Amino acid sequence: MKRETAPDSKGIALASVLSNRPIRSNFWKLLLKLDAKGSRLFSKAIPGQFAEFDVSSVSVPPQEVIPENLRDQASRTILLRRPFSFSDISITYSIEGTYVTLEIIYRVLGPATIRMTSLKTNDVISILGPLGNGFWYPEPMKHALLVTGGMGAPPILHLASFLKRQYSSVETVAFVGARSLDFLPFEVKIGNKTGLALEEFECLNIPVCLATDDGSAGRKGFITELLEEWLRTHTPPVKQTVIYACGPEAMLAACADIAQRYQIHCQVSMERMMACGIGICQSCAVQIRTLNPDQSPLYRLCCKDGPVFDSQTVIFGENR
Amino acid sequence: MDRPSESSVCLSVSFAGLTLSNPVFLASGTSGYADELGEFMNLDTIGGLITKSITLLPRPGNSTPRIVETDAGMLNAIGLANIGVEVFIQEKVPILESLQTTVFVNVAGQSISEYLAVIDRLAPLKAIDGFELNISCPNVKEGGITFGTDPAQVEQITRQAKKSSGSKPLMVKLTPSVTDIAVTARAAIEGGADALSLVNTFTAMVIDIESRKPVLANRTGGLSGPAIKPIAVYLVHKVYTEAARPAGIPLLGMGGIRTASDAVEFLLAGASAVAVGTATFVQPDAAARILAGLETYCREHHISHISELTGGLQ
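Read top to bottom, the protein sequences are chains L and V.
Per my numbering, the first sequence runs over residues 1 to 320.
Per my numbering, the second sequence runs over residues 1 to 314.
These are computed hints drawn from the structure, not numbers from a lab.
These numbers were taken from a predicted model, which means no experiment stands behind them.
C-beta atoms are modelled at their ideal positions from N, C-alpha and C, and glycine is treated no differently.
Among these hints, one or two may not hold up.
What the hints assert, rightly or not - Facing chain L, from chain V, some residues (calculated, C-beta under 8 Å): (1) Ser31; (2) Glu39; (3) Pro60; (4) Pro65; (5) Ile78; (6) Ser98; (7) Phe281; (8) Val282.
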C-alpha cells in the first residue's frame, strides 16, 4: 500500500481573493488566486492537505451584520493562523501565466471566520502551505466510499473530483451527514424529484446517501448507519474497497469500527487545535495505537503526520 | 559629489563567553529540534537556536487540547513532549552539526539527577554550544517550575548542572510566576549560571463557559505571545538592574517579541540578546524579519554596535 508523502516544498505565499460569498445558512465559499510562488507550491497539493491562513489583519465587519450569537466572539483579537483544507484546487493556464486557484468552504463560527466574511475581491492574505499528508490510493481500488459529517465536507469534495479525474473507473458513493439541513455545507437544491440534491456531487455523477440527526434532510439518523446498511446490501469486495472519512471525531470512530468489522481499509482526516501547522509546536497530537498496552501513550502530529491517518492506527475520543 | 557610504552596523554580540553573529535566538519549544524551520529561512543567519526541551527518556506529552488562543496570546500545555536524549543524539545532532549557528539545548527533567544525566550525555558533543536549564515549565507535575520557584533549589540545581556543562555555558530559564524574580535570578547567579533567560510563560487558564471546564486537558497552561510582552520587558529590566548587571551576567530576553521594535525594547531593558518564540508559529521566518529590522533600527539611529543598546534605558 503506497502512501503519498508530504511534498518537500511548503512555504508562505500570497493569495488574492477572487470571490467570497455565502452559500447557505452560515457557510461561505472563498476562491483564492495564488501568486507565482503559491501557484508553484500548491500545484502539487493533493486532497486532504491543508494550508494555514493569516487573517489577523482582516477587518471585523460592522456589529450590525454579525449574527447576534457571534457578536461576543467577534471582538476577540487573532494571533495564530487558521488551518483550512480545500474543497477544490484548479490550475488556470492564461496568457499572463499559470496560476492556482484554491476553493475553501468555511463556516462562520468564531473571530477568524467572522473576519473572513469581510474579504473582498482583490484583498490579499498570507497563506502557509501546502501542509500535511493527504489521502492516498491503495491498489487495486474499485469502490471508494466517501463519508462526510458537517464541516468535514471540503476535503471530501476535493477527493471526489480528484477521483473522478484520476481514478475514473473507481465506483464512488458519497455518504453525507450533518446535524440538520442547516449544517450541510453544500449548494443544496430542493424540490427536484429526489427531494434534495447536493450539486457538488451531482455534477460529478456521484450518488449521495444523505442523513441528518433530526431528519430535516435525508434519512433521520447517523450517516454511519447508512454506510453500514450500504455495505450490507451491496457487499463490495472488501479488498478493493476504501472508506475515506472526514467529520466529527465520533463519526470517524464509527467509520473505523465499521471498517474493522468489514475488514475494509479506511482513512480518516483528523482535526486538532493547531498553532504552527509545521510540526514545531506539538499541540495537535493524535493518539496512536501501540502494540504494548502498558506503554505510555504514543502521539503523532495531526499537522505533519496527518491530518489523514489509517483509521486502524488511531485511538479516537482522546480529544475532548 | 560623493554620497556618504551607508554606515555598517556590527550586530555581533558576546554572550556567556560565546561570540554570536547577532543577538536573535529562536526560543525553545517554538523552533523544533533543529531543522524544521530550515525551509523558511537560512538558520545560519540567526544568532542562536535553542532546541525544544530534551529529557532523559522520551515523553509523550499531555492529552489534547494542548493549546488555546487568547486575546493577543496563546496558552500551551504540551507537557515537554520530546524524543528523549538518545534519539535526539542519533537523529537530530547530525543535523545540528551542519549548522553554523550557535546551538543551546534546553534541558528538562523530573529530578536533579535527570537534568545532570542529559547534560552529561550532551556536553561532549561538538555540535552543542551550551545549555538552557528549563526549571520553569508550568505544564508538568514533577520537575519544571517546582525547581524554579524555590531559590534554594534553583541555586542547587544550577550549581550541579554547571559542573556537568563544564566549559560550555549554562543558561538558566526563569519563570515569571514568582513573587520576586530578582531573588530567583540571584540564586541562579550564585549557583554559577553563565546567563539567564527570561521569561518563560505565565501560568494561566481559559474556561469553556458552556461545559464550565478548562479548555486545556491539563487545565492550566503557559501564556505566551504579545499579551505578556510589557510584563516581560519589566521583568527583564528588574533582573538586569537588581541581579544581572551587578554580577556581570548577560540576559536573554523574551516574551511576546514579534517585531524588531519589541526586540529593541528588551535590549534597552537590559537584555544582551533576545529570543523569538510564539511569533514563529505565525510567521515561520519571524526571527529573520526581526533581525533585518534590528539592523535597520541601528542604522537609522547611528548605532555602530548593537551591544550599545543593552541596558540603554534612560
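We went through each hint and held it up to the structure:
The criterion of a C-beta within 8 Å of any C-beta in chain L is met by serine 31 of chain V, whose closest approach is roughly 6 Å, and the hint holds. Look at glutamate 39 of chain V: its Cβ gets to within about 6 Å of chain L, closer than 8 Å, so that hint holds up. The interface hint given for proline 60 of chain V is met, as the beta carbon of that residue sits about 5 Å from the closest beta carbon of chain L, less than 8 Å. The beta carbon of proline 65 of chain V is positioned within 8 Å of a beta carbon in chain L (closest approach about 5 Å), and the interface hint is therefore held.
The beta carbon of isoleucine 78 of chain V comes within 5 Å of a beta carbon in chain L, closer than 8 Å, and the hint placing it at the interface holds. This hint is violated: serine 98 of chain V has a C-beta 17 Å from the nearest C-beta of chain L, more than the 8 Å allowed. Checking phenylalanine 281 of chain V against chain L: minimum C-beta separation of about 4 Å stays under 8 Å; hint holds. At a threshold of 8 Å, the smallest CB-CB gap from valine 282 of chain V to chain L is about 6 Å, leaving the interface hint in force.
In terms of the numbered hints stated before, the structure departs from hint 6 and from no other.
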